[in-house]
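Number of protein chains: 2
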Amino acid sequence: MPDKPLPDNEINAFVPGPRVHIDGRPGGPLSGLTFAAKDLFDVASYPTGGGNPDWAKYNPVPTRHSWAVQRLLDAGATLVGKTITDEVSLGIVGENAFYGTPINVNAPGRVPGGSSSGSAAAVAAGLCDIAIGTDTGGSVRVPASFCGLYGIRPTHGRIDVSGMMPQAPSSDTTGWFARDAQTFAQVSSVMLGESIPSALPHRLIVAVDAFAFAEPEVVEALRPLLEKLKALIGDVREEVMAPGSIVQWARAQRTIQPSEAWQTFRDWIERCNPRLAYNVARNIYRGSQIPESERHWAELVRREARGRMCYLLPSGTILCLPTTPFPAPKRGEPLSLASVQRDRILCLCAHGGLTGVPQISIPGCTAEGLPIGLSIVGSHGSDAALVAMTTALGGPV
Amino acid sequence: MPDKPLPDNEINAFVPGPRVHIDGRPGGPLSGLTFAAKDLFDVASYPTGGGNPDWAKYNPVPTRHSWAVQRLLDAGATLVGKTITDEVSLGIVGENAFYGTPINVNAPGRVPGGSSSGSAAAVAAGLCDIAIGTDTGGSVRVPASFCGLYGIRPTHGRIDVSGMMPQAPSSDTTGWFARDAQTFAQVSSVMLGESIPSALPHRLIVAVDAFAFAEPEVVEALRPLLEKLKALIGDVREEVMAPGSIVQWARAQRTIQPSEAWQTFRDWIERCNPRLAYNVARNIYRGSQIPESERHWAELVRREARGRMCYLLPSGTILCLPTTPFPAPKRGEPLSLASVQRDRILCLCAHGGLTGVPQISIPGCTAEGLPIGLSIVGSHGSDAALVAMTTALGGPV
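Keeping their order, the protein sequence lines are chains A and B.
Start counting the first sequence at 42; every next residue gets the next number (our numbering).
Start counting the second sequence at 42; every next residue gets the next number (our numbering).
Honestly, I wouldn't trust all of these hints.
Intra- or inter-copy, both count: the list cannot distinguish identical chains.
[Said to hold, decoys possible] Within a straight-line C-alpha distance of at most 20 Å, the following computed SDA-like cross-link-like pairs (lysine to any residue) qualify:
| hint | residue 1 | residue 2 |
| --- | --- | --- |
| 1 | 98 | 374 |
| 2 | 271 | 244 |
| 3 | 269 | 279 |
| 4 | 98 | 375 |
| 5 | 371 | 358 |
| 6 | 98 | 376 |
| 7 | 371 | 313 |
| 8 | 271 | 250 |
| 9 | 98 | 372 |
| 10 | 98 | 289 |
| 11 | 98 | 373 |
| 12 | 98 | 139 |
| 13 | 271 | 281 |
| 14 | 269 | 357 |
| 15 | 371 | 312 |
| 16 | 269 | 434 |
| 17 | 271 | 407 |
To be clear, the hints were calculated from the coordinates, so they are not data collected in a lab.
Can you make the complete structure from the sequences, with help from the hints?
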């Protein structure tokens with residue numbers, strides 16, 4: 042958060058049109074806090090835009106709030122805006138050809154990360170305290186890393202996704218961002234419906250394959266936070282996360298997710314022939330062309346990856362890895378370079394959608410002045426224990 | 042042309058923004074006539090939009106007129122507007138997701154045909170006397186048929202394409218529309234740089250495979266005009282146009298044209314990641330995926346087709362066929378139906394791009410109240426002889 046916040050319109054975090062404002066219930070645990078919602082979450086009486094000018098045309102204006110928005114309002118947080126997202130949540134760098142790229146105040150000239158781009162940009166710029174996003178293939182974790190925020194992808198299936206626009210349901214999750222560990226713990230407790238425990242994990246696995254895949258300066262930048270984490274936990278082991286290769290996991294995720302996304306969007310495509318950025322249309326089309334035999338293969342890899350995560354992560358064990366292989370890339374890179382960057386990012390994110398484990402990206406490190414996140418991953422349902430770990434790590438390294 | 046012309050803004054033929062108006066040179070052969078130019082033709086000091094909001098960003102505002110615009114201005118015609126086109130000339134029905142679908146006054150509720158949609162709609166509605174368009178795979182012939190206009194695809198390579206936005210150069214041509222035979226002959230003489238001869242073709246070939254491919258009601262609707270044509274020429278033969286099948290010709294054209302379009306647009310795509318309607322993006326992407334072996338096969342079919350046209354069309358012989366297999370489809374059809382319609386249309390148009398022969402679509406017939414064109418085709422360079430034939434056919438059947 043900069044010393045002097047930029048005005049809203051210079052951040053370009055919020056969707057165009059009338060700004061939503063709904064006061065939270067007085068007296069709740071989040072009273073006094075403000076939040077923003079990615080434009081994939083229904084807010085009653087406001088169209089859900091989905092980051093594309095032709096999505097709202099096809100879908101009625103919602104008459105009730107999404108579960109996540111209602112949950113935060115009930116807890117006392119005040120909704121102050123809906124945020125820009127990559128088109129129909131397909132994108133990882135946070136550039137939207139229709140609504141522009143939100144400003145990453147912590148990395149000038151760089152992308153904010155996506156697809157929850159506006160949510161991350163708004164929190165980073167201090168326009169709100171909390172923001173909700175979605176994470177299918179990295180859409181909370183990546184902007185958290187690029188913008189220097191706490192960001193969680195919860196256990197798949199744990200958070201009610203009612204009123205959240207789907208993309209690939211077997212990987213879709215609702216996540217959230219905050220700037221500081223205390224606010225992050227507060228909102229996490231509300232969203233998880235569980236108090237944050239005081240006991241910490243007692244074993245740490247360092248995913249050596251994931252660290253090896255990241256740029257050397259990222260590994261160097263994360264070292265102080267990693268050392269602090271090791272010191273807090275004590276029992277540390279180095280392990281390969283994906284013995285079959287993280288690239289194979291990424292390839293399986295890039296088979297399952299686009300195939301499901303095609304099923305989600307095909308009727309819209311057929312009826313509306315929507316306007317889309319070239320790369321988004323290309324990716325949707327590619328999803329339509331994936332043969333059943335490839336999907337079956339990918340499901341086997343998913344099964345194996347889930348087994349691997351169960352083996353690696355018994356209760357009380359967490360795993361750590363760089364959230365992204367590099368800090369936020371420059372804005373406006375040519376398409377072929379952006380595609381390569383996306384594929385590299387996916388290699389460190391695919392385990393989330395593939396196996397459903399919870400993951401938190403922790404801020405505090407910078408590589409050449411740019412934020413970079415360290416992630417901790419736990420077993421299914423261990424979300425609150427991961428939050429406890431972030432609280433214990435506390436403020437600056 | 043309706044009895045009482047609709048106002049401009051109800052036709053949606055012209056591109057948004059300031060309307061271009063450039064007076065023609067006084068005293069020329071087209072003095073007193075007005076024309077419009079598809080937004081693929083450069084007009085000095087006006088951006089060439091190409092039917093897409095991200096094309097002009099990538100290309101500088103032209104400093105000189107395209108050859109075709111200059112030619113008509115020099116001949117005395119006054120330019121009164123730039124017209125809507127399918128995005129980057131990729132499309133055959135005339136629906137543009139960014140600028141809307143021009144109104145076809147002669148077929149209410151139906152598409153105008155594309156990609157020269159606004160040019161055809163403007164002439165049909167009486168907003169101008171003449172309009173120029175481009176025809177790569179049918180983009181003048183199809184809207185001429187659907188809107189009930191005279192429209193020509195000249196011999197490939199005959200008309201200077203300087204300042205015309207390319208798509209697939211080995212098939213691209215500059216064409217034009219008019220409502221009546223006399224105006225059509227006048228503008229044709231200017232554009233071809235040749236006076237229209239008085240001698241008529243002396244032999245007519247009826248392309249039985251093309252007639253068989255059209256809907257029965259189209260064949261029935263064209264019969265009176267066909268009989269008039271037969272009577273004027275006298276020597277009539279029935280022949281198969283494409284012994285290898287018109288579907289094979291269409292497939293070859295659908296290989297060559299998208300491959301070349303990808304070469305034309307790839308740098309724009311790479312640098313701008315432009316916004317496009319889904320089907321346009323899909324078709325560009327498919328063009329990028331066509332293997333070299335398929336392109337080689339298609340070039341062989343093109344060579345064979347050119348040989349066939351040379352054999353069929355010695356000097357003095359013309360061939361006739363339905364311009365389109367059906368009249369203008371309804372507006373807003375679902376994507377899969379629109380794709381099938383496009384492929385069927387292409388089967389009657391592919392010979393143009395494939396072989397480069399000139400073709401004129403002649404109006405005057407209707408099927409169930411909707412305009413439908415009869416086309417005449419001649420050998421390379423016989424454009425003026427085809428125009429002479431349309432003049433001889435004269436007014437209503």
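We went through each hint and held it up to the structure:
1. Taking identical chains as interchangeable, the C-alpha atoms of residue 98 and residue 374 lie at most 20 Å apart only when they sit on different chains, with a minimum of 16 Å there against 31 Å within one chain.
2. In this assembly of identical chains, residue 271 and residue 244 lie within 20 Å of each other by CA distance solely inside one copy; the values are 9 Å within and 92 Å between copies.
3. For a Cα distance limit of 20 Å, the shortest separation of residue 269 from residue 279 inside one copy, 16 Å, qualifies, whereas the shortest one across copies, 88 Å, does not.
4. Taking identical chains as interchangeable, the C-alpha atoms of residue 98 and residue 375 lie at most 20 Å apart only when they sit on different chains, with a minimum of 15 Å there against 30 Å within one chain.
5. For a Cα distance limit of 20 Å, the shortest separation of residue 371 from residue 358 qualifies neither inside one copy, at 36 Å, nor across copies, at 62 Å.
6. Taking CA atoms no more than 20 Å apart as the test, residue 98 paired with residue 376 passes between copies only; the shortest distance there is 16 Å, against 28 Å inside one copy.
7. For a Cα distance limit of 20 Å, the shortest separation of residue 371 from residue 313 across copies, 15 Å, qualifies, whereas the shortest one inside one copy, 33 Å, does not.
8. In this assembly of identical chains, the alpha carbons of residue 271 and residue 250 lie at most 20 Å apart only when taken from the same copy (18 Å versus 78 Å across copies).
9. For the identical chains of this complex, residue 98 and residue 372 are inter-copy neighbours only, at 17 Å across copies versus 29 Å inside a copy, given an alpha-carbon limit of 20 Å.
10. When the C-alpha separation of residue 98 and residue 289 is checked against a cutoff of 20 Å, the pair qualifies neither within a copy, at 38 Å, nor between copies, at 39 Å.
11. For the homomeric pair residue 98 and residue 373, the shortest alpha-carbon distance between copies (14 Å) is at most 20 Å, but the shortest distance inside one copy (28 Å) is not.
12. In this assembly of identical chains, residue 98 and residue 139 lie within 20 Å of each other by CA distance both inside one copy and across copies; the values are 15 Å within and 14 Å between.
13. When the C-alpha separation of residue 271 and residue 281 is checked against a cutoff of 20 Å, the pair qualifies only within one copy, where the shortest distance is 17 Å, while the shortest distance between copies is 81 Å.
14. In this homomeric assembly, residue 269 and residue 357 come within 20 Å of each other (Cα to Cα) only inside a single copy, at 18 Å, whereas the closest approach across copies is 90 Å.
15. In this homomeric assembly, residue 371 and residue 312 come within 20 Å of each other (Cα to Cα) only across copies, at 14 Å, whereas the closest approach inside a single copy is 36 Å.
16. In this assembly of identical chains, residue 269 and residue 434 lie within 20 Å of each other by CA distance solely inside one copy; the values are 7 Å within and 90 Å between copies.
17. With identical chains, the CA atoms of residue 271 and residue 407 are at most 20 Å apart within one copy only, with a shortest distance of 19 Å there and 82 Å across copies.
Hint violations for this structure: numbers 5, 10, all remaining hints satisfied.
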